[in-house]
Amino acid sequence: MSVVEPAAVLPTCPTEIAVRMTGVWFGYDRRRPVLRGIDMAIPRGKLVAIMGGSGCGKTTILRLIGGQLRQQSGTITVAGQDVMALDREALFALRRRIGMLFQFGALFTDMSVFENIAFPMREHTELQEELIRDLVLMKLNAVGLRGAAQLRPAELSGGMSRRVALARAIALDPMLVMYDEPFAGLDPISLGIVGQLVRKLNDALGITSVVVTHDIYESLKIVDYIYFVAEGRIVAQGTPDEVRQSKDSFVRQFVDGEPDGPVPFHYPARAVTEEFA
Amino acid sequence: MNRSTLDLWVGIFVTIGVAAILFLALKVGNLTSVSSAPGYHLDAAFDNIGGLKLRAPVKAAGVVVGRVERIRLDPQTYQAIVSMKIDRGYQFTKDTIASILTSGLLGEVYIGLDSGGDTQMLADGARIAKTQSAIVLEKLIGQFMFDKAAAGNGASTSSGNPPVAASAGSGTGAAVSAGGGK
Amino acid sequence: MSAERRQRQAAGAQRMPADSVTWALRRVGGHTLDSIERLGFAARFSVAVLMHLPGAFRRLQLTLREIYFSGVLSLVIILVSGLFVGMVLALQGYEVLTRYGANESLGILVALSLVRELGPVVAGLLFASRAGSAVTAEIGLMKTTEQLSAMEMMAVDPLARVVAPRFVGGVVSMPLLAALFSTLGVFGAYLVGVKLIGIDSGAFWGNMRAAVDFGHDILNGFIKSVVFGIAVSAIAVFEGYNARPTAEGVSTATTRTVVASSLSILALDFVLTVFMFRGVGVSA
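Residue numbers (the numbering used here), protein chains in the order written: chain Y, 1 to 277; chain X, 1 to 182; chain A, 1 to 284.
Don't read these hints as lab results, they were simulated from the structure. There may be inaccurate statements among the hints.
[Claimed, not checked] Chain A is nowhere near these chain Y residues, computed Cβ spacing over 10 angstroms in every case:
#1 T22
#2 R199
#3 D215
#4 D224
#5 A236
[Claimed, not checked] Covered, in the sense of this in silico footprint (three residues per stretch, anywhere, with C-beta under 8 angstroms from a C-beta of chain X), are these stretches of chain A:
#6 22–33
#7 180–193
[Claimed, not checked] Between beta-carbon pairs, the in silico distance windows are:
#8 P262/Y x A43/A: 46 to 54 angstroms
#9 T22/Y x G40/A: 13 to 21 angstroms
#10 A43/A x D74/X: 24 to 32 angstroms
#11 R244/A x A269/Y: 26 to 34 angstroms
Glycine residues also receive a C-beta, built at the ideal position from the N, C-alpha and C atoms.
Could you build the full structure based on these sequences and the hints that come with them?
Below is the structure:
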C-alpha cells in the first residue's frame with residue numbers, strides 16, 4: 001500500500017454533490033419500510049443536518065450511506081460512486097475516505113486514547129511510528145485533548161470521549177464525515193464545544209459533514225442546511241433562517257418543541273369513552 | 001498490561017504447556033520404548049493363542065524385544081497366525097521356539113522367544129517353525145480329570161468315562177487364558 | 001431468529017388457546033427451522049472466520065494477547081482442578097483396586113483416566129466456562145457499544161481483527177491446558193498414592209510407563225483437546241458476534257456459550273472415544 005500524504009495533498013470530494021440519495025426505500029423488515037422514498041443532495045463542503053423524532057430512520061440513513069445496509073430500492077451515490085454497486089475492495093476504499101462519529105463515541109475500550117486515534121492510521125497506512133505519533137497528537141490538539149493521550153476511554157467524561165471519537169473520525173483526513181447524534185447527553189459546555197468543533201473542522205479541512213441529531217438549538221447555530229424526516233419521508237428542508245421562519249406545522253412543532261401537532265401526543269388507542277366505560 | 005510482560009507470560013504458558021506434554025509423553029507414557037524403533041517381521045502359527053492381544057509384548061529372557069502386530073486365522077490349517085515386529089537389534093536362530101506365556105497369575109499374555117543353537121538366523125518375514133500354544137485352563141482341568149479317571153480305572157474295569165473336558169469348560173471363572181480373551 | 005420469524009411466532013402465539021395440537025406442532029416446526037437457520041448461519045460464519053485465519057497470524061501481537069487472556073488467565077483454575085481431580089482419582093481408585101490386590105496398578109488407572117478422558121474433557125469444560133464465556137461477553141459488549149460497527153466503518157473487518165485472533169487464541173491454549181491438567185493430576189495422584197498411602201514409587205511409575213502408550217493414549221488425548229478447543233472457541237466467538245446488542249442479549253449469549261460448549265464437548269468426546277478406543281483389548 002502506498003504512503004498516504006497529509007490533508008493538503010489528499011483529494012477532497014471530486015464531485016459537486018458529495019452525497020446524493022434518490023428515491024431510497026428501506027426497511028429492516030421488508031414489509032415495514034422505515035424510509036419511504038428519500039431524496040437528498042448534500043453539496044461538497046457543506047454542513048447538513050438530518051433531523052426528526054426518535055426512531056424515524058435518521059441513523060439508518062447514515063448506515064445506508066456508509067454501505068452497512070443495502071436499500072431495497074433507490075440509489076445512493078457518494079462522490080459520484082453508487083454505493084450498492086461497489087465490491088468489497090471498492091467499498092473498503094470508499095470507507096477509508098469517510099469518517100464516522102458514532103453515538104456515545106464507540107471508542108475501543110481495550111486501547112488508550114492515543115491508540116484509538118492511531119488505529120485507522122496503523123491499519124490503512126504504512127507511516128512510521130514517529131509520524132503517526134505527531135499526527136495523532138495534532139488531531140488531539142485540534143479537539144483540545146492533546147494532554148489526554150494516555151488516558152483510557154473508561155477514564156473519560158462523556159464530552160471528552162465524544163471529542164476523542166471526533167478526532168478518530170478525522171484521523172485519515174476524510175472527505176465526508178458523518179455524525180450520529182453528536183450532541184446526545186452532553187452538558188451545555190461540552191455541547192457548545194462539540195458544535196463549534198464540527199463547524200470549524202468542516203470549514204478548515206474542506207470536508208462535507210452530515211449531522212444526524214434532534215438538537216434543534218445547537219443545529220440552527222452551526223449548520224448550512226436542514227432536512228426534516230418524519231414517517232420515512234422528507235417533510236421539510238431549508239437553511240436555518242428558512243426553518244426559523246417556516247410556517248410548516250411539523251417544522252413549527254419541532255422547532256418550538258410543542259407536545260402536540262403533526263406528531264401526535266397520544267399513542268393510537270381506543271376512544272376514551274370506550275376505555276373508561 | 002504492556003507488551004513485554006504479556007509476551008513473557010504467554011511464553012511461560014506455552015513453555016510449561018509443552019513441558020507438560022513432554023512429561024506425559026516420556027515419564028507417563030512409553031515414547032522412548034521399542035514401538036517406534038525400526039524392526040523386522042516374524043510370523044508364528046499357534047493352535048490356540050489364548051488371551052493374546054494386539055500390541056502384546058514379545059519377550060526373550062524376559063526383555064521386551066518386539067510387539068504383536070497382527071493376528072489372523074489361517075483358513076486352511078485353522079491355526080492362528082501371529083505377526084510380530086521385532087527390534088532390528090535382535091536376531092533369533094532358525095530353531096527358536098515361540099511360546100504364549102502369562103506374566104504372573106493375572107498378568108498380561110505375551111509371546112516368549114527361546115533361541116536354539118542353530119547357526120542360521122531368522123530373516124525378515126520368516127516363519128518360526130516351533131511354537132507352543134497357550135495353556136487353556138479348561139482343557140488342563142479336563143485333561144487332569146481324564147488322567148485321574150483313566151488311572152482310577154486302570155485297576156478296575158474301564159467304564160469308558162468320557163473326558164470331562166466338555167462340562168468343565170464354563171465354571172472356571174478367572175483363568176490363565178480363558179479360551180478367547182476379552 | 002430473523003425479524004420475520006419473530007413476527008410470525010408472535011402472531012402464532014396469540015392464536016394459542018383455540019387449537020393446541022396445531023399450535024404445538026407449529027411451535028416445534030418453528031423451533032426446528034430456527035435451529036437449522038442458526039446452524040446454516042453458524043456454518044457460514046465459521047467459513048468466514050477460517051478464511052481470516054491467516055490474518056490472525058499476521059497480527060501476531062493481537063493473537064498473543066488473546067492466548068494470554070484465554071490461556072494464561074485460565075492457568076490457576078486448570079492447575080488447581082487438575083491437582084484435586086488427580087488426588088481424588090487416587091483415593092477412589094485405591095479403594096477399589098485394593099479389593100483385587102491390584103494397588104500397584106493405581107498409576108495406570110490414574111494416568112489412563114486423565115490422559116484419555118479427564119484431561120481433555122474436564123479441562124475443556126473449565127475452559128468453556130472461564131475463557132469461552134469471557135470471549136463471548138467481550139465480543140458481545142463490543143457489538144453493543146458499536147465498536148464493531150465503528151471498525152467496519154473504518155474499513156477494518158472485525159472478523160479479521162477481533163474474531164479470528166480470539167479463535168486462534170482459544171485453539172492454541174486448549175491443548176496446552178489439557179496437558180497441564182493431566183500432568184498436575186498425575187502429580188496429585190502421586191502425592192496421595194505414594195506419599196500419603198504408601199504405594200511403592202517404583203511400581204507406581206513403572207507400571208504406568210509400561211501401560212500408557214504415547215501413540216494410542218497421549219496422542220489421542222491431545223487430538224481430543226485440539227478438537228474441543230476448536231469447538232469451544234468457535235461457539236464462543238459465534239455467540240458473541242451474533243448476540244443481540246443489549247445487556248440482556250450479551251448475558252443470554254454468554255450462558256448459551258457455556259451450555260453449548262459443554263454439551264458439544266461431551267458429545268464429541270463420545271464420538272472420538274468410539275473411534276479412538278474401540279479396538280482396545282480386541283485380539284484382531
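Do the hints match the structure? See the list:
no. : hint                                : in the structure
1   : T22                                 : holds, 23 angstroms
2   : R199                                : holds, 22 angstroms
3   : D215                                : holds, 20 angstroms
4   : D224                                : holds, 24 angstroms
5   : A236                                : holds, 29 angstroms
6   : 22–33                               : violated (count 0)
7   : 180–193                             : holds (count 4)
8   : P262/Y x A43/A: 46 to 54 angstroms  : holds, 48 angstroms
9   : T22/Y x G40/A: 13 to 21 angstroms   : violated, 35 angstroms
10  : A43/A x D74/X: 24 to 32 angstroms   : violated, 50 angstroms
11  : R244/A x A269/Y: 26 to 34 angstroms : holds, 29 angstroms
Checked against the numbered hints given earlier, this structure breaks hints 6, 9 and 10; the rest are met.
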